[in-house]
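Fit chains B and C to the known structure of chain A by using the hints.
Residue numbers (this note's numbering), protein chains in the order written: chain A, 1 to 240; chain B, 1 to 315; chain C, 1 to 305.
To be clear, the hints were calculated from the coordinates, so they are not data collected in a lab. Among the clues, some could well be false.
Pairwise CB distance ranges (calculated) [what the hints assert, rightly or not]:
no. : chain 1 : residue 1 : chain 2 : residue 2 : range
1   : B       : Arg186    : C       : Asp90     : 23 to 31 Å
2   : C       : Glu177    : A       : Lys122    : 24 to 32 Å
3   : A       : Leu140    : C       : Glu177    : 21 to 29 Å
4   : C       : Ser148    : A       : Ser12     : 54 to 62 Å
5   : A       : Ser136    : C       : Asp261    : 52 to 60 Å
6   : A       : Glu71     : C       : Asp90     : 34 to 42 Å
7   : C       : Leu140    : B       : Phe84     : 50 to 58 Å
8   : B       : Ala104    : C       : Ile5      : 30 to 38 Å
9   : C       : Ile112    : A       : Phe25     : 56 to 64 Å
Over the 12 Å line for every Cβ pair with chain C, so calculated as not near, a few chain A residues [stated by the list, open to error]:
no. : residue
10  : Ala10
11  : Glu15
12  : Val32
13  : Gly34
14  : Asn43
15  : Thr62
16  : Glu71
17  : Asn113
18  : Leu174
19  : Ile204
20  : Asp208
21  : Ser224
22  : Ala228
23  : Val233
Just so it is clear, CB atoms sit at the ideal spot from N, CA and C, and this is done for glycine as well.
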Amino acid sequence: MSTVAEALLAVSNVETCYGLSQVLFGVTLAVVPGETVTLMGRNGMGKTTTVRSVMGLTPAMTGSIRFDGIEIRELPSYRIAKLGLGLVPEGRQVFPNLTTRENLVATAANRRNVSDPWTLDKVCALFPRLAERLMSMANLLSGGEQQMLAIGRALMTNPRLLILDEATEGLAPLIRAEIWQCLTRLKAAGQSILVIDKNVQALIDFADRHYVIERGKVVWTGSSRELAAVPEVQHRYLGI
Amino acid sequence: MSRRFNTLNLLIAGVIAALALIPVYSALSGYPFLLSLFTRILILAMAAVTLNLIMGFGGMVSFGHAAYLGIGGYAVGILAKEGFNSGFLQWPVAVAASALFALAIGALSLRTRGVYFIMITLAFTQMIYYVAIGLDRYGGDDGMTIYRRSQFGGLINLSNRTVFYYLCLVLLLGTVYLVYRIVNSRFGLVIQGSRSNDRRMRAIGFPPYRYKLVCFVIGGALCGLAGALLANHTDFISPALMHWTRSGDLLVMSVLGGMGSVFGPVIGAVALLMLEETLSGLTEYWQIIIGPLFLLVVLFARGGIAGMLVGEHRG
Amino acid sequence: MLYFIEQSLNGVQLGMLLFLLAAGLTLIFGIMDLVNLAHGSLYMLGAYFAATFAAMTGSFIAGALLALIATLLVGMAVEVIAMRRLYGRDHLDHVLGTFGLILFFNELVRLIWGPAGMTLALPSEMLTAVQVLPGVYFPLYRLVIIVSTLAVALLLYVLVMRTRIGMLIRAGASNREMVGALGINIKLLYTLVFGLGAVLAGFAGLMQAPILTVQIGMGENILILAFVVIIIGGIGSIRGAFVAAMLVGLIDTVGRAFLPDLMRLFLSANAASTAGPAFSSMLIYMLTAGILVFRPEGLFPAATR
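Excised from the complex, chain A in its bound form (with noise of 0.2 Å):
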C-alpha cells in the first residue's frame, strides 16, 4: 500500500501570544517533502505569526510543531534553523553592516552534507544582480537586491525548508516576476517551500496547496484548482 508521504513539516493546533494578546488559535498545516504550499490571509490574520512560531522567535504555548519528525515547538530558533529551516523573513532582514558576500558566507551551512549544496557561484547564478553588487555593503541594495540576498542568504544554509514572508511586499512589478521566476526554478530543483504572500493570482499559479488564515486559525486549505474553483473563498478571505 502507499503511504502517505511522512510531511516534512507538520503544524498541529498551534497557539501563540504576543505579551498579553492571543494571535494563534489552533493553527494546522502541514508541508510534504517538494511541495509548495502558501499561507494566505488579509494582514494581522497571523501568518507572520506563525512563520514565527515555527522558527521558534515567537513561541508557541500548545500545540505540536513537528519538522522530519522532530518536535520543534519548544526548541530555541538556532536549533530549529540547524534542522534544515531557512527563513526569509518580512521585511527582508538583510545585516544592514554586512557586504553581500559577507551577508551570504556568514551564515552559509551545509549540515546534512548534501551533495550538491549551494555555493556563492551558484546563488549569483540565480541572482545575476548579486553578482555585480557582492562588495557593495547590504544597506545600499535597492530593496529587490535586498530581497534577492535574503532569500541567497537561506539558500546558502541549504534548507529543506524554505520560508519565504511576504518576499515580494513593496517591489516594482518587474522585480517581482524577476523573483517569482527564482522560486519556480528552485520549486522545480526540487526544493520545499513554504510561502506567505498576498498575491493570490501569482501564488495560484506557482504553487501546489493552500492553507487561508483568518483570525489565527485555518479556515480553507485546498489545491490550487480548488483554490481556483472558489472565488467566493478569495473573496471573503482574502478580500479579491
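Showing chains B and C alone in chain A's frame:
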C-alpha cells in the same frame, strides 16, 4: 496617588518616627555610637534624595554626585582653616559653590546622553577628586581636621550631638519636602517628561537641556548643603569624600530604596547603612555580599523597597 | 628635548594601553549593547593572575599566558552568570549591575590576595634600554608594550573584519534575532565576544603590571580614562578610539612632565608646585570639556552603528 494608608506611606511614617526617637533611644540604651551612625545616615540620605531628584525623576544618572558632598565639605573646611567659622558664611558658600560646579559640569555633561553622560559625570568628579588631592594647604591626600564646627552665634550649637542630629533630621525632611514639591510642580512634570521623550517636550516648547540643567544644579546645590553637614559631623574633610565609590554608595541607596519615590532614598540609606553595620560585624569582607546583592536588586527588584511596597497594591 | 621624546614615548605607551581597554569596551558595547563597568575588574584580575602565576612558575611569559587563560575563563563565567540577564535592559541597569560586580571583585581580590597589592617582576632580559634615536634611550619593556599592543590591535581588526566569526559578530550587532534564525548559537557567540573583551582587558592589565601597579581599585581609575577616550574619539569608532587614546596618553604624560615647569614661568615656585600637579591631572578633563563643547559627537563619530 494611592490611598493615604498604603504600606509605603506607613513605612515612611514609621521611619520618620523612628528617626525622631533615635537620640532618645541612644541616650537610654547607652549606645552613643548609635547617634553618630544615624546622623551619618541622615546626611547621606539627604544626599541620596538630591541624587534621586536628578536621577529618578530627571533621568540623569550622575556617577559624580559625591563631588558636591566634597565641594560643600571643602567650602566649610577651607573657610574654617582661613579663620571664617561663621556658619552664616560657610553654608551659603557651600551651596553656592556646589551650584556653580553643578552648573559647569552639567552644562558640559548634558551635551551627552545615556551611558556617556554617566561616564562623563564620573570623569569630572574624578577631576575634582584629583584637584583636592593636589591641595596641599588643605590636607591634600590625607585630609584636614576642622577644629571648630560652623558657628551660628547663639542660635544653635552644632557641637551638641543631639541638637546637631535634630538639625540634620529637619534639613533632611525639608529636602524631601522640597524635592516632593519640585517633582509635583509644572517644572517637575517637564523634567519627568524629558526623561521619557525629549523630542516631544521640545515640540511643545520646553527645551529639555535648560530644564535638565536647572534640575541638575538644584540637585548639586542641595547636596552641597549635605556636604557642609557632613564636614561638621566628621570634623574632617578629605578627598575621599568625593571618590567615585561614594557616588556609587548614593546610587545604591537610591536604587535600593526606590527611585520612583521621593522618600525612597531615605529608606535605602537606612537599609544600606544598617546592613553594612550588621554585615561588618559578621565578616571583614562584607562588601562581597553587598556587590552581588545589589546586582540581584537591579535584576529582580528594580523598583527598590518602595517599589515592592507600592507594587503590592497595584497587583 | 630628549626628555620630551622620552615622555612622548611614555605617552604613546599609555595610549596603547588605553586603546586596548577602549577597544574592548567598544566591542562589547557595539555588539552586545552592554555597558560593562566591571571591565576594569578584568584588567585588575589580569594583573593579579599574572603576578601570581609568574611567581609560581618563575617565568614571566608562562605567568602571562596562564593569566590570559584565567581571565578568559573568569570573563566567560561572568557573562554566563551575570551579564546574560542584563541584555536588552536599560543602560542604567547595566551601570548599576556591573557596579555591584566591581564591589564584588575588589573585595574578592582583597580576600584572596590581601589589601597590600602585588608586584610583578620583569624578566632580566627586559631590563635594558634600547636606543630609539641618537642619544635617546627608551626602556625595552615599554617598547614591547607598544609593539605587542599594536599587534593585538591588528589581530583584532583582522578578526572582526576578515573572518567568519567577525562577520557573525558584526551581524549580531545589527540583528541578533536573525542571526539565531539562520542557525547560529548567538548565546555562545556573545559569551565568546565577552571573553575576548575580557582577554583584551586582562592583557592590558598584565602588561602594565611590571611598570605601573597591581592593586585593588586599579581598574576603575583607568576605566574612567578609557570611557573618556571613547567619548573623545567618537562612540562606536575604533579608529577614533585609537586617535583619542594617543591624544589622551600623550597629553596626560607630557602634560604632567612639563606643566609644573611651564607654570613656574608664570607663578611663584610655591604656587607652581602646589597647583602644578593638580592642574596636570585636570588636563585631560579640560580636553574632554573642550570636545564636549565644540564637537560633542567626538572626533570620528561612526556614521552608522
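request  = List, from low to high, the hint numbers that the structure doesn't satisfy.
outcome  = none
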